[in-house]
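If you read the protein sequences in the order shown, they are chains A and B.
Residue numbers for the first sequence follow the numbering used here, beginning at 743 and rising by one.
Residue numbers for the second sequence follow the numbering used here, beginning at 775 and rising by one.
One or more of the hints may lead you astray.
Using 25 Å as the maximum straight-line C-alpha spacing, the simulated BS3-like pairs for lysine-lysine come out as follows [said to hold, decoys possible]: (1) B/Lys844 / B/Lys800; (2) B/Lys871 / A/Lys783; (3) B/Lys800 / A/Lys764; (4) B/Lys830 / A/Lys780; (5) A/Lys780 / B/Lys843; (6) A/Lys783 / A/Lys764; (7) A/Lys783 / B/Lys844; (8) A/Lys783 / A/Lys795; (9) A/Lys783 / A/Lys751; (10) B/Lys844 / B/Lys871; (11) B/Lys830 / B/Lys871; (12) A/Lys751 / A/Lys782; (13) A/Lys780 / A/Lys764; (14) A/Lys761 / B/Lys830; (15) B/Lys843 / B/Lys830; (16) A/Lys764 / B/Lys844; (17) A/Lys795 / A/Lys782; (18) B/Lys843 / B/Lys871; (19) B/Lys871 / A/Lys795; (20) B/Lys871 / A/Lys782.
Derived from the structure by calculation, the hints contain no laboratory data.
These are the residues of each chain, in order.
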Amino acid sequence: DTEVTQTPKHLVMGMTNKKSLKCEQHMGHRAMYWYKQKAKKPPELMFVYSYEKLSINESVPSRFSPECPNSSLLNLHLHALQPEDSALYLCASSPGGGSPLHFGNGTRLTVT
Amino acid sequence: SQQGEEDPQALSIQEGENATMNCSYKTSINNLQWYRQNSGRGLVHLILIRSNEREKHSGRLRVTLDTSKKSSSLLITASRAADTASYFCATDGNDYKLSFGAGTTVTVRA
Numbered sequence: 743d744t745e746v747t748q749t750p751k752h753l754v755m756g757m758t759n760k761k762s763l764k765c766e767q768h769m770g771h772r773a774m775y776w777y778k779q780k781a782k783k784p785p786e787l788m789f790v791y792s793y794e795k796l797s798i799n800e801s802v803p804s805r806f807s808p809e810c811p812n813s814s815l816l817n818l819h820l821h822a823l824q825p826e827d828s829a830l831y832l833c834a835s836s837p838g839g840g841s842p843l844h845f846g847n848g849t850r851l852t853v854t
Numbered sequence: 775s776q777q778g779e780e781d782p783q784a785l786s787i788q789e790g791e792n793a794t795m796n797c798s799y800k801t802s803i804n805n806l807q808w809y810r811q812n813s814g815r816g817l818v819h820l821i822l823i824r825s826n827e828r829e830k831h832s833g834r835l836r837v838t839l840d841t842s843k844k845s846s847s848l849l850i851t852a853s854r855a856a857d858t859a860s861y862f863c864a865t866d867g868n869d870y871k872l873s874f875g876a877g878t879t880v881t882v883r884a
């Protein structure tokens, strides 16, 4: 079990659907991250929030919309996705300052 | 963006043997971290080595860092079946942005 909780574990959605991925941590970490990981590839950074403000957006398409409602929660809103967006979406948190990341177990997303 | 390159891409060893994997990177770093990922799961942090350190140990793990060659190695001694996983190096060049290498898949045969 990890200290970063992601829901749902699996999600299947059509290209016209709107869905959200959720992430929660209660370690008091100031930084939260979204990564995307395709099969047999390393995680790719999507977004970073620092003190609930978006600090890094790695040129992610607008069909992915992050939200940080408070210091413990991180959402990723999905709309009009493409089949190539199917991947494992990982949330992580960190105290910042180069400290290690704590990852959740991810949401396996399939876009049909 | 991916900064680190790892080799080998895959490694198969017998239980009890040592496993060594290497990571090379391109830009200057504050620290280098190693993570393990079991199939379909999240990544777990293993060890962090700072840019002014040359070697670090944690249990059966030994990490080296050569900043002049921009490379690091991870050694797992006396491997166990539970060590079967993918291993990633990750470099921290500035705050909040961690870039992962391509990874090494390790299979430990019983």
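Status of the hints after comparison with the structure:
With a C-alpha separation of about 7 Å, the suggested pair B/Lys844 and B/Lys800 falls inside the 25 Å cut-off, and the hint holds. Restraint check: the Cα-Cα separation between B/Lys871 and A/Lys783 comes to about 18 Å, which is no more than 25 Å; the hinted pair holds. Simply put, B/Lys800 and A/Lys764 have alpha-carbon atoms about 34 Å apart, too far for the 25 Å limit, and the pair is violated. This hinted pair does not check out: B/Lys830 and A/Lys780 have alpha carbons roughly 31 Å apart, beyond 25 Å.
Proximity of A/Lys780 to B/Lys843 is assessed by CA-CA distance (about 29 Å); at most 25 Å being required, the pair is judged violated. Among the hinted pairs, A/Lys783 with A/Lys764 is consistent with the structure: their alpha-carbon atoms are about 23 Å apart, no more than 25 Å. Restraint check for A/Lys783 and B/Lys844: the C-alpha separation of about 22 Å stays at or below 25 Å, so the hint holds. Under the criterion of a C-alpha separation no larger than 25 Å, the hint pairing A/Lys783 with A/Lys795 is inconsistent with the structure, at around 28 Å.
Restraint check for A/Lys783 and A/Lys751: the C-alpha separation of about 19 Å stays at or below 25 Å, so the hint holds. Straight-line distance between C-alpha atoms of B/Lys844 and B/Lys871 comes to about 18 Å, which keeps the hinted pair within the 25 Å bound. At most 25 Å may separate the alpha-carbon atoms for a hinted pair to count; B/Lys830 and B/Lys871 meet this at roughly 23 Å. This hinted pair checks out: A/Lys751 and A/Lys782 have alpha carbons roughly 19 Å apart, not beyond 25 Å.
A C-alpha spacing of about 19 Å is found between A/Lys780 and A/Lys764, which places the hinted pair at or below 25 Å, so the restraint holds. Note on A/Lys761 and B/Lys830: the hinted pairing is violated, with a Cα-Cα distance of about 43 Å set against a maximum of 25 Å. A hinted pair counts as satisfied when its Cα atoms are at most 25 Å apart, and B/Lys843 with B/Lys830 qualifies at roughly 17 Å. Of the supplied pair hints, the one linking A/Lys764 and B/Lys844 is violated, its CA atoms being roughly 37 Å apart against a limit of 25 Å.
For the given pair, A/Lys795 sits about 31 Å from A/Lys782 by alpha-carbon distance, which is inconsistent with the 25 Å threshold. A C-alpha spacing of about 22 Å is found between B/Lys843 and B/Lys871, which places the hinted pair at or below 25 Å, so the restraint holds. Pair hint B/Lys871 plus A/Lys795 holds up; C-alpha atoms about 15 Å apart against a cutoff of 25 Å. A C-alpha spacing of about 21 Å is found between B/Lys871 and A/Lys782, which places the hinted pair at or below 25 Å, so the restraint holds.
Of the numbered hints stated above, those contradicted by the structure are hints 3, 4, 5, 8, 14, 16, 17, listed in ascending order.
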